[in-house]
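Novice: Taken in sequence, the protein lines are chains A and B.
Okay, so the first sequence: first residue is 11 according to my numbering, each after it adds one.
Okay, so the second sequence: first residue is 58 according to my numbering, each after it adds one.
Quick caveat, the hints were computed from the structure, so don't treat them as lab data.
As the structure is a computational prediction, the values presented were derived from the model and not from experiment.
Be aware that one or more of the hints could be misleading.
[As the list claims (entries may be wrong)] Facing chain B, a subset of chain A residues (Cβ under 10 Å, in silico):
1. HIS42
2. ILE67
3. CYS71
4. ARG74
5. GLU183
6. PHE210
7. PRO220
8. HIS228
9. ASN264
10. GLY280
11. ILE336
12. SER346
13. ILE351
14. GLU352
15. LEU362
All residues carry an ideal CB built from backbone N, CA and C; glycine is no exception.
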Amino acid sequence: MAEAHDRPPEQFKLRMRRYDPESGQAPYWDEHTVELEPHRSVLEAVLQAKDRFDGSIGIRCSCRQAICGSCGVRVNGEPALACHTHLDAAKAGAREGVIEIEPMGNMPVIKDLIVDMDAVHWKKIQRVTPWLLAKQPVPEREYLVSKEAMVDVTQTMACIQCGACVSDCLAMEVDPGFIGPAALAKAYRFVGDPRDDQQFERLNDLAQDPQGIFDCTHCFKCVEACPKDVNPMGQIMRLRRIATGDHHIVDKNNGERHEQAITGLVRNYGLLHEAELIPRSYGGNSWFAKFTPAAGKELLSSLPVVIKGVLRGKVSPRIAIFGHKIPAQDLKAVQSIYDKIEGRPERYELNLYVSGEDEDATSASTGAEGSVSQ
Amino acid sequence: MKVAYWPGCVSRGFTPELHGSMAKVAPLLDIELVELDRACCTGAGVIAEHNQELADTLNARTFALAQQVDGAQLMMNICSTCQGAQSECQERLDANAEYRAHVNSTLAGEGLSYDKDPAHPLTNKNFLWLLVEEIGLDRVRSLVKRPLTNLKVGPFYGCYIVRPRDRLGIDAERPRDHYLEQVIDALGGTVIEYAGMRKCCGFPIITMHKEASLKQAGRHLGDAVDADADCLVTPCPLCHLNLDLQQPLAEGVVGRELKMPVLHLPQLVGLALGVEPKELGLSRHVVRPTSVIDWSTSVVASSAAA
Numbered sequence: 011m012a013e014a015h016d017r018p019p020e021q022f023k024l025r026m027r028r029y030d031p032e033s034g035q036a037p038y039w040d041e042h043t044v045e046l047e048p049h050r051s052v053l054e055a056v057l058q059a060k061d062r063f064d065g066s067i068g069i070r071c072s073c074r075q076a077i078c079g080s081c082g083v084r085v086n087g088e089p090a091l092a093c094h095t096h097l098d099a100a101k102a103g104a105r106e107g108v109i110e111i112e113p114m115g116n117m118p119v120i121k122d123l124i125v126d127m128d129a130v131h132w133k134k135i136q137r138v139t140p141w142l143l144a145k146q147p148v149p150e151r152e153y154l155v156s157k158e159a160m161v162d163v164t165q166t167m168a169c170i171q172c173g174a175c176v177s178d179c180l181a182m183e184v185d186p187g188f189i190g191p192a193a194l195a196k197a198y199r200f201v202g203d204p205r206d207d208q209q210f211e212r213l214n215d216l217a218q219d220p221q222g223i224f225d226c227t228h229c230f231k232c233v234e235a236c237p238k239d240v241n242p243m244g245q246i247m248r249l250r251r252i253a254t255g256d257h258h259i260v261d262k263n264n265g266e267r268h269e270q271a272i273t274g275l276v277r278n279y280g281l282l283h284e285a286e287l288i289p290r291s292y293g294g295n296s297w298f299a300k301f302t303p304a305a306g307k308e309l310l311s312s313l314p315v316v317i318k319g320v321l322r323g324k325v326s327p328r329i330a331i332f333g334h335k336i337p338a339q340d341l342k343a344v345q346s347i348y349d350k351i352e353g354r355p356e357r358y359e360l361n362l363y364v365s366g367e368d369e370d371a372t373s374a375s376t377g378a379e380g381s382v383s384q
Numbered sequence: 058m059k060v061a062y063w064p065g066c067v068s069r070g071f072t073p074e075l076h077g078s079m080a081k082v083a084p085l086l087d088i089e090l091v092e093l094d095r096a097c098c099t100g101a102g103v104i105a106e107h108n109q110e111l112a113d114t115l116n117a118r119t120f121a122l123a124q125q126v127d128g129a130q131l132m133m134n135i136c137s138t139c140q141g142a143q144s145e146c147q148e149r150l151d152a153n154a155e156y157r158a159h160v161n162s163t164l165a166g167e168g169l170s171y172d173k174d175p176a177h178p179l180t181n182k183n184f185l186w187l188l189v190e191e192i193g194l195d196r197v198r199s200l201v202k203r204p205l206t207n208l209k210v211g212p213f214y215g216c217y218i219v220r221p222r223d224r225l226g227i228d229a230e231r232p233r234d235h236y237l238e239q240v241i242d243a244l245g246g247t248v249i250e251y252a253g254m255r256k257c258c259g260f261p262i263i264t265m266h267k268e269a270s271l272k273q274a275g276r277h278l279g280d281a282v283d284a285d286a287d288c289l290v291t292p293c294p295l296c297h298l299n300l301d302l303q304q305p306l307a308e309g310v311v312g313r314e315l316k317m318p319v320l321h322l323p324q325l326v327g328l329a330l331g332v333e334p335k336e337l338g339l340s341r342h343v344v345r346p347t348s349v350i351d352w353s354t355s356v357v358a359s360s361a362a363a
């Protein structure tokens, strides 16, 4: 970007979404052309338009250096911090060279680019008990915790509460009650903290809530939206993993059963046996699951779809009943991988946030003799 | 070109027309498919959610099998979800030599090893990426026998193939999140843009929150109807399950008639390359692709490329 600093001011065209709910008028688009050096931010461009052309443009901002989280907006349809988006980059991603700036989604607009964070984001944060419930007795001096555990939770502590992930959460788009990425990342901050006393209670609460951890649709929108690499979806997956793997929480939303069903079917067949997925997700990880009331009810409601699929030749009756398998020898190999890994006393997890990547990208080990203790 | 071909589970189970149409289209594009029939499911992100090491090891096994295919230029998949799940595992395996050695020690019993050889890195590409980057749009254009003239096609990517951008290698030079539009255009069709084209089909939560799942599918299909699309095209069979197989139920949830045909990517390519709709398994969809079939019968196939 060194070159960008040397470049003279250029003209940038902005197209801003304007809306004042109190006016009774519909939202509309407003265009202004500003003049700034290309390395300056979208926020500076909006502020220049406000200064020079229209003082009524509404935007919230404070620090202007991507740390206060106030200026979350959508730039060219994607969530971003206005102060953290360079004008040249924004222009490169713009349709016909016009930078489009809108308020964030999933939250009501107060005015123009300002959304009501209290109504959505902060309510959800409060929902997850965002403070430490310390183990008792509290030690006289400090708690001793491992460095890894602390580095691990710093990833979620990096959240600046800008709401970018909430703005574009696709589960929340259809289910506004979903606790959502920011709050669930915050939940991990305490679930992952060795000093917290309520890991099971927190996870049980979030697993049993129909709009909790199992309502996440795994779309990576929040991962992409976050300006601070918090990886909210990754944290949600870890909440699920600890809930089901460590605490064996069986939730009423089929979350644990669904996970067991897929993991179990791949173990038994090597491939996904789709017809077994629904009964097992509702009734438990067994061939007999289909005879449980929960699975029976669901299967009955899916019957028209299934019949249609079979009639169209989409699903052959053989595949629907028996599924498909990989060759016996390979299935045995897959199962021995399962046995070995599931038999470990503790899950082995590589966290790239903690470990980082190898500097030496060339060190390819063939690995056959590189035995690591189990 | 020869590729180590990972078809995935669903393309051989509940969407057999996908695997079938890929087999029909491959020779027309000079792709030799060497099927990785010994490999297992990628876990679709769920096995990784259950146990990361398990998912990484199962996929490392698949990569090792792909590396054994003699003369294969790369590994190819036909499923957005497989692409995303495998890319995630490969990212961890490639990032850390110690971890890779640990995973390979589990595979050693079978005599397999995933090798990160900088001279021959394992490249895993979805058919969509392969079409644009290896075969090239000009070549695709030159092979078109029945241009999709006047066919209005809406792209539906599937989350796993467009996010996260870094992991999937999407940038200004390789705008992989715009390849479907480029391919539709190269085949002579009209691209229909609509709000849901890069959103989630809802499939991952179909057993956990059915209403929210079907609402997602229904809403995107409805957006495509409103944008006047004749059909959608997707590189993901799991999206196809929610968008096609479940479409009658999605109609109920969003309270409107949709009747939106959804094609697999190889089917759309096959149509333009002159393969008959029936051979591509178009009659096997739950939502009959009437608009597409009508279009194909009204177009006189010509040998002259567009």
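Novice: So, A/GLU352 near chain B? Judge it on the closest CB pair being under 10 Å.
Specialist: A/GLU352 check passes; min Cβ-Cβ to chain B is 7 Å, inside 10 Å.
Novice: Against chain B, with CB atoms and a cut of 10 Å, does the hint on A/GLY280 hold up?
Specialist: Check passed: Cβ of A/GLY280 comes within 4 Å of chain B, closer than 10 Å.
Novice: Do the numbers back the hint for A/LEU362, that is, is its least Cβ distance to chain B under 10 Å?
Specialist: holds (6 Å)
Novice: Hey, does the A/ILE351 contact hint survive, CB to chain B under 10 Å?
Specialist: holds (5 Å)
Novice: Tell me if A/ILE336 is really an interface residue toward chain B, meaning its C-beta lies closer than 10 Å to one of theirs.
Specialist: holds (6 Å)
Novice: Quick check on A/SER346 please, does its C-beta sit within 10 Å of some C-beta on chain B?
Specialist: holds (6 Å)
Novice: A/ARG74 was flagged as interface toward chain B. Is the shortest Cβ-Cβ separation under 10 Å?
Specialist: violated (26 Å)
Novice: Would you check whether A/ILE67 satisfies its interface hint, that is, whether its CB is within less than 10 Å of any CB in chain B?
Specialist: violated (26 Å)
Novice: Does the CB of A/CYS71 sit less than 10 Å away from some CB of chain B?
Specialist: This interface hint is violated because 26 Å lies over the 10 Å limit.
Novice: Given A/PHE210 as an interface hint, is its Cβ closer than 10 Å to any Cβ of chain B?
Specialist: At 19 Å from the nearest chain B Cβ, A/PHE210 fails the 10 Å test, so the hint is violated.
Novice: Given A/GLU183 as an interface hint, is the shortest Cβ-Cβ distance to chain B below 10 Å?
Specialist: The hint holds - A/GLU183 has a Cβ within 10 Å of chain B, the shortest such distance being about 8 Å.
Novice: Is the hint on A/HIS228 kept, meaning its closest Cβ partner in chain B is under 10 Å away?
Specialist: Since the shortest Cβ distance to chain B is 4 Å, the answer is holds.
Violated hints, listed in ascending order, are 1, 2, 3, 4 and 6; each of the other numbered hints is respected by the structure.
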